[in-house]
Structures are given as C-alpha cells and as structure tokens.
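A.B. asks: Each chain, letter by letter, is given below.
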Amino acid sequence: MNSFELTYRAMAAKTLPMQELAPRNRRPLRTWVTTAAMVIGGALTLGGCVSVTAPDKPIVIELNINIKQEVVYRLAADAANTIDKNPDVF
Amino acid sequence: MIRSNKPRNLRLAGLGGMTLGLILSAMPVAAQSANPAYAAARAAGQIGEQIDGYLGFPSSPSADVRRTAEDVNIKRRAIYAERASATHSTQEDYAFTTACRLILKTRPGEKYQAPDGSWHTRTAEAPLRDPKCAAADTAPN
Chain A
1 MNSFELTYRA MAAKTLPMQE LAPRNRRPLR TWVTTAAMVI GGALTLGGCV SVTAPDKPIV
61 IELNINIKQE VVYRLAADAA NTIDKNPDVF
Chain B
1 MIRSNKPRNL RLAGLGGMTL GLILSAMPVA AQSANPAYAA ARAAGQIGEQ IDGYLGFPSS
61 PSADVRRTAE DVNIKRRAIY AERASATHST QEDYAFTTAC RLILKTRPGE KYQAPDGSWH
121 TRTAEAPLRD PKCAAADTAP N
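Taken in sequence, the protein lines are chains A and B.
Going by the numbering used here, the first residue of the first sequence is number 1, and it counts up by one from there.
Going by the numbering used here, the first residue of the second sequence is number 1, and it counts up by one from there.
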C-alpha cells in the first residue's frame, strides 16, 4: 500500500497538469502579446514624436518698454500741467 | 508747440472766459521777464532741452550760461521730485515724460537732444523724439 502510494504519486507528477504543460502553453502566448504591444507602442511613440528645436535667437520680452510707455501715458497730463504752472523754469 | 497749445487755448477760453484768457495770454510775457538770461541763452542755442528733462549745453558754455542752466535744473529737479511723489512715480520717469513735452514745445531755432544724444536745432518739422514719447501726446489732458 505504501509502495503503491509512492509509486502513484510519482506517476501523478508526470501527468500533464502537474508538469505545468498547460501554463507553459499559455505563457509564451502572453509573452508574445506583451512583446507585440511593446513593439507597436514603441513604433507609435516614434511616429508621434514632435521634434522641438531650440530657436537660434534668444527670446526677448520687451516688457520694460510697455511699462515705460504706460507710465509716460499716465504722467503726460500732469507733466503738461507742471510745465504750464512753472513758466520760469520750463 | 502750436499744435498742442491751440486746442487748450480754445477750450480754456470757452470754459473760463475773459479772466482765464487774459492770464494765459500774459503767461509768455511773464516767462520771458522772470528769467531773461535763461530765455536769451535758449534763443541763442547755448542751452538746449535734453531727453532726461534737464537743460544741457550743445556747445561748451560760458560761465554765466552754465550758472543759468544749473540754476534752472536745480529748480526743475525739485519740481520733478515733488510731482513724482504726488503721482507715485519715479523722478526719472516724471522727468522723461516732461522732456517729451518740452522737446515738442521747443520753438524753431532752439536746441534739443535727439534719442541718440546728439543735438539738433528745432525746425518747423516735428522734433526727433523717443518712440515712447508718442504716449505723452495721446494722453488725455
């Protein structure tokens, strides 16, 4: 009985599920799908690439001029009034 | 000067009537009599309007001319400082804005400084000014 059991177990280990034949069949498929997805994904990434090149001229924001112009605009009336009120120095 | 003062004269005369008109017409006379040395040096082109709101010398000045201009510049600086604080601006900005008006107000024959710092004699044509000065002309009075 004991020997039979041992023999049976040894034989049972040789059955297909025990040898993981079914999972072995499934795993390569999953790996292939993953690989294909990665390849397609890589291709898509490369195809959808937007190439950005740095401008050869520096980006200059002419902010000071606008601010100054606004200041001049705001002060003009007061300045004109000051000139009229002080004719001996202007 | 002619272009900028005409509407002001017309409007003031219309608003204020005789009294204001009389004061306004008396002002140029007062300006000339208050400081004859300054008026003479201006007319002679010994003193010119700078772009920074102060008087400068297109040619090397005599001691008298230099004193006259420096005296006026000190008074101008005091006025700029007072108005700058009243308008919450800087003295430089206020002086620059005033210079825009002053250069436009120069009479033919008087000297003024162009944006590049060179001295020019005012003609009947518009003076050479900094582009930022355009804002001073369009500003509401």
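Incorrect hints may appear among the rest.
As the list claims (entries may be wrong) - What follows is a set of in silico ranges between Cβ atoms, one per label pair, in the way DEER data are often shown:
hint, chain 1, residue 1, chain 2, residue 2, range
1, B, 71, A, 58, 22 to 28 Å
2, A, 56, B, 40, 17 to 23 Å
3, B, 138, A, 43, 25 to 31 Å
4, B, 43, A, 66, 48 to 54 Å
5, A, 68, B, 58, 24 to 30 Å
6, B, 115, A, 56, 28 to 34 Å
7, B, 120, A, 55, 36 to 42 Å
8, B, 116, A, 42, 39 to 45 Å
9, B, 66, A, 55, 46 to 52 Å
10, A, 85, B, 115, 26 to 32 Å
11, B, 117, A, 55, 29 to 35 Å
What the hints contain is simulated information worked out from the structure, not anything from laboratory work.
Note that the Cβ used here is the ideal one computed from N, Cα and C, for glycine as well.
A.B. asks: If a hint holds in the structure, say so; if it doesn't, say that too.
C.D. replies: Evaluated hints:
A hinted range of 22 to 28 Å is violated for the C-beta pair residue 71(B) and residue 58(A), which are about 46 Å apart. Checking the proposed 17 to 23 Å range against residue 56(A) and residue 40(B) shows it is violated: the Cβ atoms sit about 57 Å from each other. Between residue 138(B) and residue 43(A) the C-beta distance comes to about 59 Å, which lies outside the given range of 25 to 31 Å. The beta-carbon spacing between residue 43(B) and residue 66(A), approximately 38 Å, falls outside the hinted interval of 48 to 54 Å.
For residue 68(A) and residue 58(B), the Cβ-Cβ distance of about 26 Å falls inside the hinted range of 24 to 30 Å, so the restraint holds. Taking the beta carbon of each, residue 115(B) and residue 56(A) are about 29 Å apart, inside 28 to 34 Å as hinted. Look at residue 120(B) against residue 55(A): about 38 Å separates their beta carbons, and that is inside 36 to 42 Å. In this structure the supplied range 39 to 45 Å is violated for residue 116(B) paired with residue 42(A), their Cβ-Cβ distance being about 59 Å.
Roughly 51 Å separates the CB atoms of residue 66(B) and residue 55(A), a value that falls within the hinted 46 to 52 Å. At about 27 Å, the CB distance of residue 85(A) to residue 115(B) agrees with the hint of 26 to 32 Å. Taken as a hint, the range 29 to 35 Å holds for the pair residue 117(B) and residue 55(A), whose Cβ atoms sit roughly 33 Å apart.
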